[in-house]
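The primary structure of each chain is shown beneath.
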Amino acid sequence: MNTELPPGLALQKVDERIMTLNVGPQHPGSGHMRIIVQIDGDFIVACDPDPGYVHRGEEKMAEYRNYITNIPHLERPVIHDSCNILYPYVLGVEELLGIEVPERAKYIRVIAAELNRCVYTMYWLAIYGIFLGHSTMFMWPAGDRELLIDLLEKMTGARVTHAHFVPGGVRNDLPPNFEDVCLRQVNYFEKRIKEYAAIFYDNPILIARTANTGVLSREDAIRLGTTGSVLRASGVDYDIRKKEPYDVYEELDFQTNVLKEGDSYARSKIPWLDMLESCRIIRHALQKMPKSGSVRVKLKPNPKGGDASVYKRVESGRGSLGCYIVSDKKPEPYRVKLSVPSFRNLIALPYLLKGEKLGNMPSVYWSLNYWPVEADR
Amino acid sequence: MSSDSDEEPIETTTEENPKSTKVSTVEKEPELPKFEKGIADKIVEKFGTRIKVAFVKPDRVRINVSRDDVKEVASFLRDVLNFDHAESVSGVDYPQDKEIEVVYHLGSYTDSSLSRQILVLATRAQREENPIPGNDATKLPSLREIFYSVEFHEREIFEMFGVFFQGHPDNRRLLLPEDWADLPPLRKDFAIKGR
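Sequences listed follow chains H and R, in order.
Residue numbers are given in this note's numbering: position 33 of the first sequence equals residue 33, and the series is strictly consecutive.
Residue numbers are given in this note's numbering: position 80 of the second sequence equals residue 80, and the series is strictly consecutive.
A short, non-exhaustive set of chain H residues, derived as facing chain R with CB atoms under 8 angstroms:
(1) Pro-51
(2) Gly-57
(3) Leu-224
(4) Gly-225
(5) Val-236
(6) Tyr-238
A short list of chain R residues far from chain H (calculated; beta carbon distances all over 10 angstroms):
(7) Lys-34
(8) Glu-45
(9) Lys-52
(10) Val-65
(11) Asp-97
(12) Pro-141
In case anyone wonders, no lab produced these hints; they're calculated from the structure.
Every value quoted in this text rests on a predicted model; they were computed, and no experiment measured them.
Glycine residues also receive a C-beta, built at the ideal position from the N, C-alpha and C atoms.
Please construct the entire structure, taking both the sequences and the accompanying hints into account.
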């Protein structure tokens, strides 16, 4: 082993006053993640996030499987947001293979991706609720999430791991009568999540606990390269769906949500506002979608990419999700790298927790919209 | 309409092997997107032959630099061209070239004209056959002083490829266990059992 390496907080000795505390790696509901904090009384002096407990080597596995068989396992890092994590990979493979996707498939993808964003956000919100000891906020999102899971089950056949996006379109066409059911469920869903404002977002206890805690300034958000809800809560208007539209987002009517405060409250509100926008996108997409047509281009068996590399990115439930694929004229990719938003946002955690009270740690940590399994890949 | 890549005239770039400069995309001028060409030209104007423009595609420009120049080029990209953060840093292992490539994907939040653009900055480190991560020649200068956002990405590449980043303040493992005693796992000679 190398002796030059710095020891890290876990082994570092400071003085008698400072206590080192291991938080985790057990974790309710998401994945395992350890945060090592040094505390002086009730205040956090330093923090060292220690991910890696659910590292499964997805990128290594992708080098052994061909472009199509990679699909079911590459969605595993975030099974609740599986359409969005496959999206950049599928877009990248399409560019490598030179495939043009049918119009109807693009709309189905956008609808699936937006439904998935809501499913992920509801799960995240449920855990955020229970982190703060608000058990109603755990039950409601966990229950209302089923509405959309039912829709996705009708669409793809699976409740969470859909593997629905494939290079060249989507796996199946929509079932008959899907548009009406979807519209009805989404309208009801929208009505339901608007009610969350009264019990959660306008709740004085929540505001007292999260406002002005873990403030990330605009400059730091840019400098640290954060993304998604963390970036937009700090006043930077950057959403890949607007800035670099993929598939049919350019033709759909929606806006991005930006807040200026940069605190835990703003960071937890942005995903909820995004869900309201998602409902608008789904309704508009259902309206504009071609009523019939092909949804999948037939590929040759074992398609090969050229001697090239692509980097594609989409806006997932947590932020910009990039996929870098290097191809070397073989049926398997030479290298697949997932640049995941959770991993990119994790760098902000030590900055946010410094000087914060230990009791605020759960709310600051979870407001980063962080998914341990995704960060570890 | 499926098209196989064998017939497809996929852009032959010089990125995989910088020595073979048979087909350079920069010469086919009318096809190149204008804005991206402008970015590439600015970099070429400043650094001349020290950098190599690997491709200019819509929204993507890729430049290859040697390890000695990477810090200087990165400072230029940040200070003059306004790229302010790294979206992704990837390692790619090329055992046949005895090199490991590190690829930075840079983006910009502050300059709205660059919001679609990703600048791909690639550099290569010498690759040791029997790596002793941190104590061998597989070293690159760290870009953490220039792009703060690469901190965790470079830590990941250190453990996954054994590339030691000189000047990185916190060269520790991130995802792997502390007592990992095998090859860096994303190198090509680390084989998965049964495959």
